[in-house]
Every structure is written in structure tokens, then in C-alpha cells.
Amino acid sequence: MIILFADNDPDFLITRSQFLEAAGYQVLPAGSLEQARSLLGSVHLHLAILDIRLIEDDDEKDVSGLTLAKDGDFARIPKIILTGKPAYQYVREALRPTTEGITPAVDFLSKEDPVDAMLAAVEKACSQHVRINVKLALRWDERQPISLIGLLGLIDPHLLAGSLPERRSELADLFGQLFYDYAQVSFTRCLWRTGRQVALAAFACTPEGKEDAFIVTVGPLENGHPRAQLAEKTAVEAAEASGVDLKAAAGLVHYAAQAWSLPGEKLEELQSLAEAYCEKPERLLRLAVENLFQTMLKAWREPHVMQEDSHLAQLYRQRFGLSEERFPPASLQVQIQGLLSEGLNRRLADLSQGADQLTLHWPDGREEVLPDPTGFIYEDDRLPAARALCATAVDLDVDTVLVNRAGRSWPTLFANLGQGPIWLEYILLEASIRFDLLDSGDLRSLVEMERAFLSADYLDAPVSLDDVAPEHRRAAGLIQLIRRLAAEHAGREIEPYELGLFFCALRRLVDYDPAVRETGPALARRLYALVLAAMLCKRMEERSLTPTGDEAAPKILRLDEQVHQVWVGDRQVELTNTEFKLLKYLYDHRQELCKRSDIMREVFKIEKPSKDDEDSLLNTNMLRLRRKIEPYPNRPTYIITQRGIGYRLHLGGQPEE
Amino acid sequence: MNYLFLLIGDPPPARWTAALQAALQPLGELHIVSESDAVQAICDRTYDVVIIDAGQVSEPFELTGRLRQFNPETQVIIATASPTWQRARQALRAGAVDYIRKSLDEKDLRGDIQAVLKIPPASQAR
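Keeping their order, the protein sequence lines are chains A and B.
For the first sequence, the numbering used here begins at 1 and goes up steadily by one.
For the second sequence, the numbering used here begins at 1001 and goes up steadily by one.
Not everything, but these chain B residues come out facing chain A in the computed CB check (under 10 Å):
no., residue
1, T1084
2, A1096
3, D1098
4, I1100
Honestly, the hints are just simulated from the structure, not real lab data.
In this text, a Cβ means the ideal position worked out from N, Cα and C, and glycines have one as well.
Could you build all of it, start to finish, from the sequences and the hints given here?
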């Protein structure tokens, strides 16, 4: 057992630490409050002994050790409070639960208590409050030996060699916590690995000989919160409705793990969708995909929530972790240049970059010009302004969806469960099929496949696969199926779906480092993602310029300031005060280019607006205004954007040439 | 909300009992039983808080343990006229959720009881 002993009296600290070490404990001494706090937050510990006065022994107001014990960040570590000045109020504060449900300490000791009393208290605290089975035997399959060190290498690849023993010990304790009631756990194979999360097939045996099978997911703690918080109600309910039971969860300083079971299923017969794609007939794959979306994921779907103030593009960016701060456009440009150059050197693709465009140079001499996708990523005005419907979504990919021999399937990656656009799960699986299953070496055949899909005007529109290369038809068939299921669930609109696919493709590019030499297949995948993103941009541009239906007969926009009313043709539009003021400003300057800065000053009364001001005021209200007056908000005809400058209002709804 | 409180004492001092009754009156109802009837009382009804008058009970810490054996979620406060840190430690080690001074100030008393009422249930099963 590892014990933190914090006391600012060095003599007492040394003496008592020696007694504890003699009793077989490993002691980490801390001579100050700062040191104690640092160790609590960074080192795997079983127990902490904290002096009340860690700053000044003679200051009766110093209760720094007690305050540290109450810190919720360290609630999971049992503590013993120690003091040379015991008082009844200290005992109450230390041992009484707080209104947050935290009991700061499990015991209270006086420095006058004999050493034996301290050792007895430590032993009692360890046996009652440290729920780690230190005797748990861990076994690894001979055919797929992973080992704790190997596992560390997968979930914490940048770990320094000096930290290995301590982290290895923490990982062993993590399993000791997860499988507290078992005597032995045998890990037979790695089911999947994605990012820094790993899933292992495990068979745990109780002391009585009963065996249980689990899928054990293990990965790093993030943001100081254990992934064991998947024990939160929503994630557990979601998993259980999907047929996956969360049996146990554990979290320590750096790592967290969960043990899931699939009742009634034989773990050894499960394989990933990726493995099934290579080995099983198409009929079974289709069954697995249908089962996943129509049964498993459907079982726990919550009602959709409309995000009124958000652009759909913003929601996708949030979900994929794409931000201008993290991935500035200028850096993306450099990355793309590097990617194209490397692609050309390795004869994977002949692509060149120009002003706002990419050019594909085909071997037969033809050239194909596509928009540069980096010019779209943060420019919401260039992207479809579709309805921002959200729901709880789970990450899906071909490695983490498991399938049995009958075509039943389960999602098993719940780490990123959260709100996202309702098309997200479909898009994620479709993208994974493209980028993780298809051989990206033949870009031309992939482009032909994408052309087939981009010709569709609706999600479930029939797509001819005649021109799709035979080796891609299985994947194309699955994509068609996914889109049909998406249309049944979320509607036939293809624009919000393609927008999501666009961001999904970009996510495959943004971490490219031109200084690192990637393998041929990895590079080919990135080039494929880039070309797909560019093709999607072209399609989005084409859709925005194509007039359909009622747009052929635009209606005049009228504003009556006296009665505070607005009409589009004979349709009266209800606007809020702010929306009315914004429209009135444009109306008063109709046909003129109204600069963003002028609008911020005149309408919102802000002289020097920040980016946040513009986002929260101008962009948000413009989005709401367009939704109310434009027949197709993603193809505006009344309020036209001049990128980077401002807006122009056309009363007749004619776009500017 | 109408809480139900139980005072265990044999017999409890009149002044303090009156103060406790006045303090708890806005919160709910106070029942009073002797030590010998305590276990039966918590078996018959569920009390939000049980207060043991340490001065009127022979073994308050042992009684705390017994009460919690019958109902682990019982919130037990031990009240004493002369608290010491050693007995406070004994009380809380025995499973009491608090160890308070027998104040005659209604506001103090009510504050101590209300603090216990705010503790979430999960943290009480110790």
C-alpha cells in the first residue's frame, strides 16, 4: 500500500514514516501543503495521512490539512487526519459527512496517540476503505500476450520510462478495483484500440470458481474526471438499452476502466464489424448495420432537441474538436501543402493547390478543379444553414462495433457519449467504412464512387453502383444502407448529412504533421479524405446556387416601421425587436453593402466588437433572421453575404451577380 | 416537509428537551423514548434523525451501533453537555453522523439538525 504522509514537522514526519515503512507500507512524505496537494493530484495513492496544520503549527486558524481533506478532487482517496492540537470541532469537521456527501476523513488521530494506534488506524482504513484487491491474479493469453507494460504503451504512449513502475502499479490496482470480488482475471485478446482507449476480452473467476466474461475498456482519465463517470445514469441507461451492461467501473489518478457484459453472448465468438467485413457474407453485414441502428441505438434515443442559437456547422465542429484556436486556417494550409507534396513524391495522387482551390491532375491529362476545403471549415456563411437538431450520440466505427454470428451488433465505445447532430452516428460509421475499410491506394476509383453518392439529391435516393469499382461495391452497398436508415430516422435532407461528412473527413486531416513520414496507406487515406472534403464543398456550392421551386418567383420583402411589421410577399413574419432592428438597418441601406463593423455599431451599439460579440450578436441574429425570411436559409436570396465584409439586402430576393 | 425526530434519553433533562422541541417544531415532530424502548421505536417507524442524549444513556456509542445494525440508514446524532475530542471520535467511529453540544440556543440546535438533514443518503451508510 502507498501512503502519503503530510506533516510540516520534519522530525515527526521522518519518525512516523519509518514506523509505517517497517510495517510494510510504502510512504511518500510531504513536508508542506503544496507538496501534499501535488502528490494527491499526480501520484497513485491508497491512503493519505494529513496533519491539520500544514502551514504554521502555532497558528490556530491554520486548518489547511483539513481543507485539503475536504477537496472533492481527492475524495476517492481515504484520509486520516492527524494533529498535535486535537479539538472536538476538528473531529466533527474531519469525520462528519458534508452536505455534498463527502466524508473528509475515515479516522482522526492525535500525535500523542501511541504508534500502535496509528498503525491500527492505517490497517483499518486500508481494509475498510481501500477497495483494491491487491491479490488479484492477472493472466495474459499466450497467443496474444499484452501485459500491463504493453497496455500502458497503448493507452499512455508518451509515458516517460521513469514513470513506468509507478504507472504499472497503478494499472494493476485499477484492475484490482474493477475486479474486487474476483480472484483471477484472464485477458484473452484485444478487441479494439481507438485513440488511447483499448477494449480487452476478459474472463474473471471468483474464489468459488464461477467465471464471468467481460469486455474491459481502459484508457486515460481526462480533465481530472474518471471515465468511470460513465456510471452516470444516462450512459449506463444508454448502454443497457443497447444490450451492453455496465458491471463495474473504476478510476484512479491517471487511468479508468469499465467492465461490460453482453448477456447471453459468447465473448469468444464476437468480432468487430471490420473483421466481419473481411470474412462474413454481405447479408450478415447488412443485418448487423440494420440491427445496430434500428434496434440497439434506437432503444435509448431521447427526443431531439433543436439548438436554436447554433449553426449546424458549429455543432459538428464542437463534436469533432475542430476550432480556429486549435487548428488555425493558416496552419491547415501548410498541412495541406505538405500532404500534397508528399502525395506527389510517393505517386499516390497528383494534386496541386491554388488560390482557394485544389486541382486533381488525372493520368489521362484531365484536370478537375475543386474548392479548397480549408476555406470552408470556419466560414459558416458558405455552409448549409440546416436545422440544428441534436440528440445523444455515441461514437461508432468499424472497430468498436461488435458483431456476433447471427448479425446482432453492439456499440462498445461509450467514452464520448454526448449531444451531437442527429445524423452523427450514421455519418461516423459511414466515414469509418470509407477510411478504415477501403484500400485508399486507387484514388480514381474512390472518386468515381463518391461521384455516384454526390449525384443524389436525397439521402435515400437510389444510387447506381454500376460505375463503382467491384472492390468498393460492398462498402458502397453498406453506405447506401446507412443512408436509408438515416433518412428513416432523421429525414431525407442530404445537406446536413453531407455537412457532417465534410467535417468528419476534415478530422482525418487536421492532425497531419508534414514533418512525420507516414506509411503509404495512412497517407493515401488522408489524401482520400482531402479529396472527399473538396468534392463535398463543390457539391455544397452547387446546391447553394441552384434555384428550385418557389425561388423561380421571388416575393418582395416589405418593412413597415410604424406598425413594426415585416412581410415576405403576402406572408407576415414575426420578428423579435433585435431581429427587426437588424433588418431595418439593412432595409434602410438596401442594395448597399453594409459592413459588419457598421452593423455592430449602429444596431448593437458596440464600437469595437470582439469576435465573441460578433458571434453572439450579429451572427446569431442573422441566422435567426434568415431562418424567418428566407424560403431556403442555406441558399439566401434576400440577405446576401459578402464574405469578410458584410451583407446586402435585396428586396426582390434576387442574388447579386 | 414534515420531518420525524426521535430523542432517546431516560429521562431527558427538561430544559434541554424543551429547547430541542422548540428548535425542531418548525421542522416536524419530535418523539421521546427511553433507552430501553429505542430499538423498538426505530423498528416501528422510520425517523429522519435520531438524537441520543449521551448523559441519559448508559452506552451511547454501543446504542448507536445497535440502531444502525437494525437500520443502516439511521442518522444518529449524539448530544452531550461536555464534548471532548476523544468522545467525539468515538461517537463518529461508532457510526454517528454528528456529535453536538447540548446547546439551549434554539437556532444553534436547529442549525445542527438541519445540517444533518442536508447530508445525501448515500454518505450515511458507513
